[in-house]
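Each chain is listed here by its residues.
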Amino acid sequence: DSGVTQTPKHLITATGQRVTLRCSPRSGDLSVYWYQQSLDQGLQFLIQYYNGEERAKGNILERFSAQQFPDLHSELNLSSLELGDSALYFCASSADSQETQYFGPGTRLLVL
Amino acid sequence: QKEVEQDPGPLSVPEGAIVSLNCTYSNSAFQYFMWYRQYSRKGPELLMYTYSSGNKEDGRFTAQVDKSSKYISLFIRDSQPSDSATYLCAMIKAAGNKLTFGGGTRVLVKP
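Line order of the protein sequences matches chains D and G. All residue numbers for the first sequence refer to my numbering, where the first residue is 472 and numbers rise by one. All residue numbers for the second sequence refer to my numbering, where the first residue is 1257 and numbers rise by one.
Where hints are given, some of them may not hold.
Claimed, not checked - Now the in silico label distances, taken between C-beta atoms and shown as ranges:
no., chain 1, residue 1, chain 2, residue 2, range
1, D, Thr486, G, Gly1310, 46 to 52 angstroms
2, G, Glu1313, D, Leu554, 41 to 47 angstroms
3, G, Pro1270, D, Phe540, 48 to 54 angstroms
4, D, Ile483, G, Gly1310, 44 to 50 angstroms
5, D, His481, G, Gly1265, 23 to 29 angstroms
6, G, Gly1272, D, Glu553, 43 to 49 angstroms
7, G, Gln1257, D, Ser550, 30 to 36 angstroms
8, D, Gln512, G, Glu1301, 16 to 22 angstroms
What the hints assert, rightly or not - With a cut-off of at most 25 angstroms between alpha-carbon atoms, the simulated DMTMM-like pairs for lysine to aspartate or glutamate come out as follows:
no., chain 1, residue 1, chain 2, residue 2
9, G, Lys1298, D, Asp472
10, D, Lys528, G, Glu1301
11, G, Lys1326, G, Asp1263
12, G, Lys1298, D, Glu570
13, G, Lys1349, D, Glu525
14, D, Lys480, G, Glu1301
15, G, Lys1298, D, Glu553
Note that these hints are calculated values from the structure, not bench results. Even glycine gets a Cβ: it sits at the ideal position worked out from N, Cα and C.
Let's have the full structure, built from the sequences with the hints guiding it.
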């Protein structure tokens, strides 16, 4: 158990809908990262937050957004969902950038 | 061309054998190197973290980094069926934030 928690574990929704994925980092970690894992693209970095502020952005679509709250939990919002958004979404946390990143169990999203 | 290349496998070995995994990378800016293990439908689990060229050993695992050749390796000694998983290399640039992953190598250890 990495200490990173993610909810929900599974999510099934329809195209055009909006969903919110939640992540709680390890105790004491200030940095939260979101990754997407699909069969054809592998694990891709989406976005990083550090102590409430956006720090780095990867190949995150404009339809996706994230935030980190004062209690350091983070949410990833996915809107106008398309079939191609079906993937595993992982949250990771670390004490700071370049520190070891610990991954949560992931949320499996299926868009029908 | 991807920044990090990793043979997808599958790599099948008998129990007790040494598993040898490797990744190559193209960007010399990568300075920190990791190996993660991922069981099916689970989150990646950190196995090894190295930041300098040379070897690092932890139990049955040995990580090697050769920055001059842009090549990293992971060796698993005395492999067990429970080592059957996908192994992902990952790396991060100095002053960087994101992990860049290889595509993963699926390993199957047969009893």
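To see whether the hints hold, each was checked on the structure:
The supplied range of 46 to 52 angstroms is met by Thr486 (chain D) and Gly1310 (chain G), whose beta-carbon atoms lie about 50 angstroms from each other. Hint check: Glu1313 (chain G) to Leu554 (chain D), Cβ distance near 45 angstroms, so the stated range 41 to 47 angstroms holds. For Pro1270 (chain G) and Phe540 (chain D), the hinted distance range of 48 to 54 angstroms is satisfied, since their beta carbons lie about 50 angstroms from each other. For the hinted restraint 44 to 50 angstroms between Ile483 (chain D) and Gly1310 (chain G), the CB-CB distance of approximately 47 angstroms keeps it satisfied.
Range check, His481 (chain D) to Gly1265 (chain G): about 27 angstroms between beta-carbon atoms, so the 23 to 29 angstroms window is met. Range check, Gly1272 (chain G) to Glu553 (chain D): Cβ separation about 47 angstroms, and the 43 to 49 angstroms hint holds. Checked against the hint of 30 to 36 angstroms, the pair Gln1257 (chain G) and Ser550 (chain D) passes, with Cβ atoms roughly 33 angstroms apart. At roughly 21 angstroms, the beta carbons of Gln512 (chain D) and Glu1301 (chain G) sit within the given window of 16 to 22 angstroms.
With a CA separation close to 11 angstroms, the supplied pair Lys1298 (chain G) and Asp472 (chain D) stays within the 25 angstroms bound. A C-alpha spacing of about 23 angstroms is found between Lys528 (chain D) and Glu1301 (chain G), which places the hinted pair at or below 25 angstroms, so the restraint holds. This hinted pair checks out: Lys1326 (chain G) and Asp1263 (chain G) have alpha carbons roughly 15 angstroms apart, not beyond 25 angstroms. Only pairs whose Cα atoms come within 25 angstroms are accepted, and Lys1298 (chain G) paired with Glu570 (chain D) is accepted, the gap being roughly 22 angstroms.
Taken as a hint, the Lys1349 (chain G) and Glu525 (chain D) pair is honoured in the structure, with Cα atoms around 18 angstroms apart against an allowance of 25 angstroms. For the proposed pair Lys480 (chain D) and Glu1301 (chain G), the alpha carbon gap of about 17 angstroms is at most 25 angstroms, so the pair holds. With a C-alpha separation of about 24 angstroms, the suggested pairing of Lys1298 (chain G) with Glu553 (chain D) holds against the 25 angstroms cut-off.
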